[in-house]
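Asker: Sequence:
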Amino acid sequence: MVILGVGQAGFDLVLTALVGGHPDAQTSTILLLASFAGVWLVLWAWMRFVEQRPMSCLGFRGPGSDVWIGVAIAIAILAIDVVVMTVSGQVTMSWARPSIMAAVFIVAAILLFLVQGCAEEAVLRGYLMQSVAAKWGIPAGLAIQAVVFAALHGANPGTTWVALVNVTGFGLMQGLLVVWRGNLLAAMGFHTVWNWLQGMVLGFDVSGLELHHSVMTTARTTGSHSWLTGGTFGAEGSVINTIVLAILITCLLVTMRHDWRDNEAYGIA
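Residues in the sequence shown are numbered from 1 upward in steps of one, following the numbering used here.
No lab work stands behind these hints: they were computed from the structure. Keep in mind the model is a prediction, meaning the values are calculated, not measured. Errors might be hidden in some of the hints.
Computed beta-carbon distance windows for the label pairs [claimed, not checked]:
(1) T86 with T160: 17 to 23 angstroms
(2) L253 with A219: 32 to 38 angstroms
(3) E210 with S65: 33 to 39 angstroms
(4) G137 with M55: 20 to 26 angstroms
(5) W136 with V104: 46 to 52 angstroms
(6) A72 with T217: 21 to 27 angstroms
(7) A108 with A219: 23 to 29 angstroms
(8) T217 with R48: 43 to 49 angstroms
Every residue, glycine too, gets a C-beta built ideally from N, C-alpha and C.
Hey, can you work out the whole structure from these sequences and the hints?
Answerer: And the structure:
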């Protein structure tokens, strides 16, 4: 949490000073996502000068195809969200008719979400989970990083108890992906595409963050239930995902059998 806080806050101050004045909502969103570059810098400095270990030991090595496992999971979960919410009449979706400049921003935004999502994975599912697992075992590492992940989202706009349960579940699921594959690539692919597709393509809020350009516009209908739509927190706050995550986590545990409790299977001495 210190690495995330110091890195993001420090870089955010620098970027805000460079922009000057009071940036508009879209610029503020860009600065928020870009500030995670500072997290990478602080993490690198910590690994290089304090722990004297290469960044690669956090889990950046592995078959590139693992990225697509995470991407496929993100697309599948969001597809379920969209189908259930629209069929049940909870939301309506329409073409947002983005301008050319907006379309360029939508495409380019995936780089910002790449920086942000992968930074969180490197710190939480890489450094934190690995450090805790080395001392107290993989179950402890999985649990602690998931709780910290939820705590980091606890003050976001629109947060509900369902949202916090789901964010904890997402953290646990992504942690299991890391243990299963032995690297961060699947989790990074999931995190990046989940945020980008949810916000920039489908038009949901992302963890309470309102984005101002998207391919589609998703609007909650009159009388819709926030526990189904996720409300202003976004699809992550929907009970649909509570159910999907419970099934997915169970499937991962069954697939991995005993490996999720075995430090050697995770690559930890």
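Asker: Confirm or reject each hint.
Answerer: Cross-check of the supplied hints:
{"no.": "1", "hint": "T86 with T160: 17 to 23 angstroms", "verdict": "21 angstroms, holds"}
{"no.": "2", "hint": "L253 with A219: 32 to 38 angstroms", "verdict": "37 angstroms, holds"}
{"no.": "3", "hint": "E210 with S65: 33 to 39 angstroms", "verdict": "34 angstroms, holds"}
{"no.": "4", "hint": "G137 with M55: 20 to 26 angstroms", "verdict": "24 angstroms, holds"}
{"no.": "5", "hint": "W136 with V104: 46 to 52 angstroms", "verdict": "47 angstroms, holds"}
{"no.": "6", "hint": "A72 with T217: 21 to 27 angstroms", "verdict": "25 angstroms, holds"}
{"no.": "7", "hint": "A108 with A219: 23 to 29 angstroms", "verdict": "25 angstroms, holds"}
{"no.": "8", "hint": "T217 with R48: 43 to 49 angstroms", "verdict": "45 angstroms, holds"}
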